[in-house]
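Trainee: Sequence:
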Amino acid sequence: MNDKKTDILLATRKLFSGKSFSSVSMQAIAEECKVSKASLYKLFESKEDLLLELLDFNQKQMVAAASLLNEETSLSPEERFAKKLMAELEGFRRNQQFFNMLMYGSPSSINERVKRHIHRARSTFICWHRDSLIQTYGEDIIPYVWELVIVLQGLLRECITLIKLEKEPLALEPLTEFIIRHLNLIVENRTTETALPQEMIDLYIASASSFEPKDKTVLLAESLKELKEAVSALPEEKYDAAGLASAAAMLEKESADKQPRDFLIKALIGYLEQAGPLHQPLAAVKTLLKL
Numbered sequence: 047m048n049d050k051k052t053d054i055l056l057a058t059r060k061l062f063s064g065k066s067f068s069s070v071s072m073q074a075i076a077e078e079c080k081v082s083k084a085s086l087y088k089l090f091e092s093k094e095d096l097l098l099e100l101l102d103f104n105q106k107q108m109v110a111a112a113s114l115l116n117e118e119t120s121l122s123p124e125e126r127f128a129k130k131l132m133a134e135l136e137g138f139r140r141n142q143q144f145f146n147m148l149m150y151g152s153p154s155s156i157n158e159r160v161k162r163h164i165h166r167a168r169s170t171f172i173c174w175h176r177d178s179l180i181q182t183y184g185e186d187i188i189p190y191v192w193e194l195v196i197v198l199q200g201l202l203r204e205c206i207t208l209i210k211l212e213k214e215p216l217a218l219e220p221l222t223e224f225i226i227r228h229l230n231l232i233v234e235n236r237t238t239e240t241a242l243p244q245e246m247i248d249l250y251i252a253s254a255s256s257f258e259p260k261d262k263t264v265l266l267a268e269s270l271k272e273l274k275e276a277v278s279a280l281p282e283e284k285y286d287a288a289g290l291a292s293a294a295a296m297l298e299k300e301s302a303d304k305q306p307r308d309f310l311i312k313a314l315i316g317y318l319e320q321a322g323p324l325h326q327p328l329a330a331v332k333t334l335l336k337l
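Quick note: the sequence shown uses this note's numbering, first residue 47, plus one each step.
Simulated from the structure, these hints should not be mistaken for lab results.
Ideal Cβ placement from N, Cα and C applies to all residues, glycine included.
Hints may be right or wrong, so weigh each one.
[To be verified] Okay, derived cross-link-like pairs now, DSS-like style, lysine-lysine, Cα gap no bigger than 30 Å in a straight line:
1. K51 x K274
2. K332 x K274
3. K129 x K65
4. K332 x K284
5. K271 x K210
6. K271 x K332
7. K65 x K93
8. K51 x K161
9. K93 x K284
10. K129 x K213
11. K304 x K284
12. K83 x K129
13. K83 x K65
14. K93 x K51
15. K50 x K93
16. K161 x K271
17. K213 x K299
18. K304 x K213
19. K129 x K93
20. K213 x K271
21. K304 x K274
22. K332 x K129
23. K93 x K210
24. K60 x K80
[Unchecked claim] Listed next, with one range per pair, are the computed distances between beta-carbon atoms:
25. F309 x L211: 46 to 54 Å
26. L208 x D308: 36 to 44 Å
27. E214 x A111: 24 to 32 Å
28. E275 x L249: 24 to 32 Å
29. E124 x Q199: 27 to 35 Å
30. K304 x Q181: 25 to 33 Å
31. E300 x G184: 22 to 30 Å
32. Q320 x L249: 26 to 34 Å
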């Protein structure tokens with residue numbers, strides 16, 4: 047992405063955060079970016095297309111930031127998790143309206159295509175939280191990880207409410223410590239049994255996977271297709287594109303088997319996850335495979 051486009055996306059996010067999507071015009075965006083309206087329309091066909099690119103840009107920034115934190119081996123898993131939560135809260139503080147739309151709803155003035163994209167972005171956040179919890183507490187929490195995700199979402203929502211109410215900037219460290227302390231208590235005192243009925247867990251997983259209910263096999267096929275497209279877009283000089291493409295094809299074949307081998311699927315996903323740009327499409331695949 048060129049610097050001009052990036053500058054426009056950052057400026058647009060700032061405008062959407064200060065006002066709202068419906069109240070920001072393309073003229074206002076052009077003026078904020080100090081470009082002509084005609085120049086803006088050469089890069090983006092409409093305000094909706096600009097928002098779609100902004101959602102993609104925001105997700106890539108989030109995944110990139112998380113990947114960098116995961117590489118900080120000097121930090122403990124809990125310290126890395128705290129930094130991720132801190133970054134999320136700081137991002138909300140800077141871009142309140144935008145993140146509020148992303149996480150908790152979408153304006154009625156936005157068309158269905160954009161609403162679907164917003165839901166997909168929200169799903170990525172939820173899957174990111176799930177992955178972060180597993181990275182922090184280990185695979186022993188997998189049987190009840192979705193319950194932890196629900197708790198984490200609720201804790202974050204209330205911390206975000208405090209940020210909305212602040213008159214002077216609140217210190218965010220106590221909020222992240224509060225979240226982690228309560229998650230620690232749950233993990234330390236939990237058995238592997240789930241507290242919620244499975245149908246409720248399945249409903250939540252479905253909400254993190256798609257905008258409309260679809261057959262799981264259809265959703266998985268769509269997600270694997272997106273994964274393969276993401277692999278094909280990787281620069282060959284930086285990644286083992288052939289090896290990653292082979293792994294994606296093997297993952298597709300194995301997941302379609304009547305008796306898929308969990309150890310092989312986990313190994314393939316682990317290999318694919320070494321490429322940072324694949325984290326986003328893999329999140330949906332992992333959700334559907336309940337990994």
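Trainee: Between K50 and K93, does the CA-CA distance stay at or below 30 Å?
Mentor: Roughly 17 Å between the alpha carbons, so the hint for K50 and K93 holds.
Trainee: Given the hinted pair K129 and K93, is their Cα-Cα distance within 30 Å?
Mentor: violated, 33 Å
Trainee: Given the hinted pair K304 and K284, is their alpha-carbon gap at most 30 Å?
Mentor: Cα-Cα ~35 Å, so violated.
Trainee: Next pair to validate is K93 with K51; report whether the Cα-Cα distance is within 30 Å.
Mentor: holds, 14 Å
Trainee: Quick one: are E300 and G184 within 22 to 30 Å, going by C-beta?
Mentor: Check passed, 24 Å falls within 22 to 30 Å.
Trainee: Need the status of pair K161, K271: alpha-carbon distance at most 30 Å?
Mentor: Distance of about 21 Å is within 30 Å: holds.
Trainee: Are the Cα atoms of K65 and K93 separated by 30 Å or less?
Mentor: Holds - the C-alpha atoms of K93 and K65 are around 15 Å apart, at most 30 Å.
Trainee: Does the beta carbon distance between E275 and L249 stay inside 24 to 32 Å, or does it fall outside?
Mentor: Holds: the Cβ-Cβ distance is about 29 Å, inside 24 to 32 Å.
Trainee: Between E124 and Q199, is the Cβ distance one that fits in 27 to 35 Å?
Mentor: violated, 19 Å
Trainee: Do the alpha carbons of K93 and K210 lie within 30 Å of each other, as the hint requires?
Mentor: Distance ~26 Å between K93 and K210 Cα, so the pair holds.
Trainee: Need the status of pair K83, K65: alpha-carbon distance at most 30 Å?
Mentor: holds, 20 Å
Trainee: Do the alpha carbons of K213 and K299 lie within 30 Å of each other, as the hint requires?
Mentor: violated, 55 Å
Going through the hint list in order, the structure does not satisfy hints 5, 9, 11, 12, 17, 18, 19, 20 and 29.
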